[in-house]
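Chains A and B are the protein sequences, given in the same order.
Take the first sequence: its letters are residues 1 to 334, numbered as in this note's numbering.
Take the second sequence: its letters are residues 1 to 535, numbered as in this note's numbering.
These are calculated hints, taken from the structure and not from any lab test.
Any given hint might turn out to be false.
[To be verified] Straight-line Cα separation of at most 20 Å, EDC-like style, residue types lysine to aspartate or glutamate; simulated pairs:
#, chain 1, residue 1, chain 2, residue 2
1, A, K157, B, D128
2, B, K401, B, E368
3, A, K160, B, D9
4, A, K157, B, D9
5, A, K160, B, E26
6, A, K160, B, E2
7, B, K501, B, E359
8, B, K450, B, D464
9, A, K160, B, E19
10, B, K403, B, E359
11, B, K217, B, E368
12, B, K217, B, E359
13, A, K157, B, E19
14, A, K157, B, D410
15, B, K501, A, D244
16, A, K227, A, E128
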Amino acid sequence: MAADVSWIRAEPHGIHIAPADCWIDPSRPVARALVTHGHADHARGGHGETIATPATLAIMELRYQTREGAVPIEYGETIRLGGGVEATCIPAGHVLGSAQILLEHAGERVVITGDYKRRPDPTCPPFEVTPCDVFITEATFGLPVFCHPPVGQEIAKLLKALRDHPGRCVLVGAYALGKAQRLIAELRAAGHGEPIYLHGAMERMCRLYEDFGVNLGELRLVSDHSKDDLRGAIVVCPPSALNDRWSRRLPEPITAMASGWMRVRQRARQQNVELPLIVSDHADWGELTRTIEEVNPAETWITHGREEALLRWCQLHQRRARALALVGYEDEDD
Amino acid sequence: MELFAALVDALVYTRSRNEKLRLIAEYLKHTPDPDRGWALAALTDGLSFPAVKASTIRNLMMERVDPVLWVLSRDFVGDTAETASLLWPEPEGGVMAPPGVTEAVETLARMTRMSVMAELPKLLDRLDATGRYALIKLATGGMRIGVSARLAKTAFAQAFEVPVEDVEEYWHGLQPPYGPLFAWAAEGAPPPDAGDVPLFRPFMLAHPLEDATLDLKDYVAEWKWDGIRVQLVHVDNGAGGETRVYSRTGDDISGAFPEMAEALTFPAVLDGELLVRGSHQGGEAGGAASFNALQQRLGRKTVSAKMLAEYPAFVRLYDVLIVEGEDVRDLPWEQRRARLEALMPRLPPERFDLSPVVEAEHFEQLAEIRSNARDEAIEGLMLKRRDSRYVAGRKTGLWYKWKRDPLLVDCVLMYAQRGSGKRSSFYSDYTFGCWDGDPDAGAELLPVGKAYFGFTDEELKQLDRYVRNHTVNRFGPVRETDRSLVFEVAFDSVHASKRHKSGLAMRFPRISRIRWDKPAEEADRIEALQALIRD
Numbered sequence: 001m002a003a004d005v006s007w008i009r010a011e012p013h014g015i016h017i018a019p020a021d022c023w024i025d026p027s028r029p030v031a032r033a034l035v036t037h038g039h040a041d042h043a044r045g046g047h048g049e050t051i052a053t054p055a056t057l058a059i060m061e062l063r064y065q066t067r068e069g070a071v072p073i074e075y076g077e078t079i080r081l082g083g084g085v086e087a088t089c090i091p092a093g094h095v096l097g098s099a100q101i102l103l104e105h106a107g108e109r110v111v112i113t114g115d116y117k118r119r120p121d122p123t124c125p126p127f128e129v130t131p132c133d134v135f136i137t138e139a140t141f142g143l144p145v146f147c148h149p150p151v152g153q154e155i156a157k158l159l160k161a162l163r164d165h166p167g168r169c170v171l172v173g174a175y176a177l178g179k180a181q182r183l184i185a186e187l188r189a190a191g192h193g194e195p196i197y198l199h200g201a202m203e204r205m206c207r208l209y210e211d212f213g214v215n216l217g218e219l220r221l222v223s224d225h226s227k228d229d230l231r232g233a234i235v236v237c238p239p240s241a242l243n244d245r246w247s248r249r250l251p252e253p254i255t256a257m258a259s260g261w262m263r264v265r266q267r268a269r270q271q272n273v274e275l276p277l278i279v280s281d282h283a284d285w286g287e288l289t290r291t292i293e294e295v296n297p298a299e300t301w302i303t304h305g306r307e308e309a310l311l312r313w314c315q316l317h318q319r320r321a322r323a324l325a326l327v328g329y330e331d332e333d334d
Numbered sequence: 001m002e003l004f005a006a007l008v009d010a011l012v013y014t015r016s017r018n019e020k021l022r023l024i025a026e027y028l029k030h031t032p033d034p035d036r037g038w039a040l041a042a043l044t045d046g047l048s049f050p051a052v053k054a055s056t057i058r059n060l061m062m063e064r065v066d067p068v069l070w071v072l073s074r075d076f077v078g079d080t081a082e083t084a085s086l087l088w089p090e091p092e093g094g095v096m097a098p099p100g101v102t103e104a105v106e107t108l109a110r111m112t113r114m115s116v117m118a119e120l121p122k123l124l125d126r127l128d129a130t131g132r133y134a135l136i137k138l139a140t141g142g143m144r145i146g147v148s149a150r151l152a153k154t155a156f157a158q159a160f161e162v163p164v165e166d167v168e169e170y171w172h173g174l175q176p177p178y179g180p181l182f183a184w185a186a187e188g189a190p191p192p193d194a195g196d197v198p199l200f201r202p203f204m205l206a207h208p209l210e211d212a213t214l215d216l217k218d219y220v221a222e223w224k225w226d227g228i229r230v231q232l233v234h235v236d237n238g239a240g241g242e243t244r245v246y247s248r249t250g251d252d253i254s255g256a257f258p259e260m261a262e263a264l265t266f267p268a269v270l271d272g273e274l275l276v277r278g279s280h281q282g283g284e285a286g287g288a289a290s291f292n293a294l295q296q297r298l299g300r301k302t303v304s305a306k307m308l309a310e311y312p313a314f315v316r317l318y319d320v321l322i323v324e325g326e327d328v329r330d331l332p333w334e335q336r337r338a339r340l341e342a343l344m345p346r347l348p349p350e351r352f353d354l355s356p357v358v359e360a361e362h363f364e365q366l367a368e369i370r371s372n373a374r375d376e377a378i379e380g381l382m383l384k385r386r387d388s389r390y391v392a393g394r395k396t397g398l399w400y401k402w403k404r405d406p407l408l409v410d411c412v413l414m415y416a417q418r419g420s421g422k423r424s425s426f427y428s429d430y431t432f433g434c435w436d437g438d439p440d441a442g443a444e445l446l447p448v449g450k451a452y453f454g455f456t457d458e459e460l461k462q463l464d465r466y467v468r469n470h471t472v473n474r475f476g477p478v479r480e481t482d483r484s485l486v487f488e489v490a491f492d493s494v495h496a497s498k499r500h501k502s503g504l505a506m507r508f509p510r511i512s513r514i515r516w517d518k519p520a521e522e523a524d525r526i527e528a529l530q531a532l533i534r535d
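So here's chain A without its partners, still in its complex pose (with noise of 0.2 Å):
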């Protein structure tokens, strides 16, 4: 059966829901928005109204100084939108306060993933299966070469490059929201109780984690250290600071980054990365084609990465399925 939800549009700036006049996760300004979560290319501030989940409004808050015309809305809560639509958010598992958007309308039901992963995260509940009759999906990871290692892989990986080089440290590039915490909080929970250092533009996020209950453990910032202090120790800072004049200070560090693109060799050496660590926020290959089964929709839509593998996977296993050509969505470092 093809699903005929015509009151729901991809338009180049976003998913519009014409009946409620509301757009979910747009590139510019609207009046009214649902944001998924609150990454840049996801979450831009100047909308009228802005629905989303208390964590991701204080993130917005925190990055765009946003704070009129916040909705909050808790995850499995359901809010009326107007024009006989209603929205429940529900866990996505990609970073703090992300949600998947599950829209009703007329007896049909749509999902909108924004980013998504299936692996456990101890900085956000995980993702939950939703049936649904349009599934419209990320493909930031859509090729069948990224296959994410198992986690804890990576963090012994790190740790033992910590430990062959007692004087030196490792510094680990991280997207400073989501990545950088749930990179802690792993460390963490492997056994790592020393203070881990961070970049000065770390640190108010990770403040703001810990506000919602993650536990980071003991964090230290770079700049009230000295070179001596840091031997032996992991340092969190942005990619962008990875090859910046900002990591002279540092003990002959060795340059690690944590994203799902080092599964790809050249990824890692254009960026000067000795220690490739692959652990993604968003859902490899495997876990994007897992869950559309899972999901097992009429139709699906899919927003933005490689999303021609996709679309040809979705071909394969007889699965009706189309891309939207949506603007301003990037692949973020991840």
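We have chain A; now place chain B onto it with these hints.
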């Protein structure tokens, strides 16, 4: 195979030259024979498995993965070996232990074009993704992981604390897995006996003169000829002897220049410039044609009778290293020159002449001679210390090169873009760079210019093929190459420019020639261009 795969992986991610040396040295020290010998051969491009080609890998993958998904993946990753290693389906059920390097090499060597499609998967099934990557790279040749043969030899020397010059010299007579080389270096056995093999000896090289002035009492001048530097080696091995012609990089190019290999008939090692005879160019003992004519003869495994007749080769001799079993490398240049002159009557004049000494009263006069030289086959002058021994590599103060035309620079091809119109399918626009420091110490290339002409249509085809085979990355219509090809770029002038990362802009750059023979790390540094800024 796991240790070798881990080494390959570590080398991919390591930038520092010292760290690469350490990694390779550690591996060589702690890996048993013959594994380490095969690994060394793999790192230095010394292995060849004719049955395994890039197309073999592609075909194997097409049998296992949807072709569309394969192409999309290959395009994204940009490397067939890596894509295949990532996409190879993990085998189900019990798996045999991973093969050792030696087992892998021996199995690959036994494969035929018939059996490869059945046999190669059995090896791949026994490895993880890292192992598969190393195996495919090893099997298809050309690791391209930022390790030059020179670096690997240096690592070998470092591992066993032996002189790298000795390693280079003994290496050339041996085949993988180099048992006698390891026995000598690691266990103190006598040096490998080259015996009746015509061995390559490392060349003596020159530094650029820069702004120095030299005293002609101490230095002698010769023309720097615009061909390719070669070494001819003849050994007497009973059956009429054997001669090999080696290029600057130590590659055996005898097959491309059979007339030269036939021309040396007594035991000797000679150093000279290989040129092609041309009637229209000046010169003293018969003219040499331009480098372009010589290019017709380069890069061929065999050569036709027509080629031999149209572009006859000869060597203009610079030096002698060994004659009739006597190693004269420790003699001063003046004495070696005398020995070389004495040899000339024994050499066929149509194949050999002597690079003449350029006489000048003083340095200023020499400068004038240099700037008036009009012969196309002259690149400039060489200045050699009269008492210099023949030593491998580039030793300060002994030999200098003083190029004629200052507005030429050797750059490394970095990116190539598809052209338009009739060149639309060809990568014809080239961005090239110079080193921002010592490439052996981890310097990077800075783009300095872009050119899209200066080559023939035939050369364009060769360049296009080169770019496709040496791509490490793709950005839409642009390909990033592995930075291994040197262009001699000619240009009218160079100016300071804030708009370019390199801080300079070349005017009217064009490819003056393609230096297939020149190692990338010997391309010019950015200072060479900066020194030419006139405004």
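A quick look at each hint next to the structure:
1. Among the hinted pairs, K157 (chain A) with D128 (chain B) is consistent with the structure: their alpha-carbon atoms are about 17 Å apart, no more than 20 Å.
2. At roughly 16 Å between alpha-carbon atoms, K401 (chain B) and E368 (chain B) fall within 20 Å of each other, so this suggested pair holds.
3. The suggested pairing of K160 (chain A) with D9 (chain B) holds, with an alpha-carbon distance near 16 Å, which does not exceed 20 Å.
4. For the suggested pair K157 (chain A) and D9 (chain B), the alpha carbons sit about 14 Å apart, so the restraint of at most 20 Å is met.
5. With a C-alpha separation of about 19 Å, the suggested pairing of K160 (chain A) with E26 (chain B) holds against the 20 Å cut-off.
6. Proposed proximity of K160 (chain A) and E2 (chain B) is supported: the alpha carbons are some 18 Å apart, at most 20 Å.
7. Simply put, K501 (chain B) and E359 (chain B) have alpha-carbon atoms about 44 Å apart, too far for the 20 Å limit, and the pair is violated.
8. A distance of roughly 16 Å separates the Cα atoms of K450 (chain B) and D464 (chain B); the hinted pair therefore holds under the 20 Å criterion.
9. Restraint check: the Cα-Cα separation between K160 (chain A) and E19 (chain B) comes to about 18 Å, which is no more than 20 Å; the hinted pair holds.
10. This hinted pair checks out: K403 (chain B) and E359 (chain B) have alpha carbons roughly 17 Å apart, not beyond 20 Å.
11. A threshold of 20 Å between alpha carbons decides the hint, and for K217 (chain B) with E368 (chain B) the separation of about 18 Å falls inside it, so the pair holds.
12. For the given pair, K217 (chain B) sits about 12 Å from E359 (chain B) by alpha-carbon distance, which is consistent with the 20 Å threshold.
13. The hinted pair formed by K157 (chain A) and E19 (chain B) meets the criterion: a straight-line CA distance of about 19 Å does not exceed 20 Å.
14. A threshold of 20 Å between alpha carbons decides the hint, and for K157 (chain A) with D410 (chain B) the separation of about 42 Å lies outside it, so the pair is violated.
15. The suggested pairing of K501 (chain B) with D244 (chain A) holds, with an alpha-carbon distance near 16 Å, which does not exceed 20 Å.
16. Simply put, K227 (chain A) and E128 (chain A) have alpha-carbon atoms about 45 Å apart, too far for the 20 Å limit, and the pair is violated.
In the structure shown, a violation is registered for the earlier hints numbered 7, 14, 16, in ascending order.
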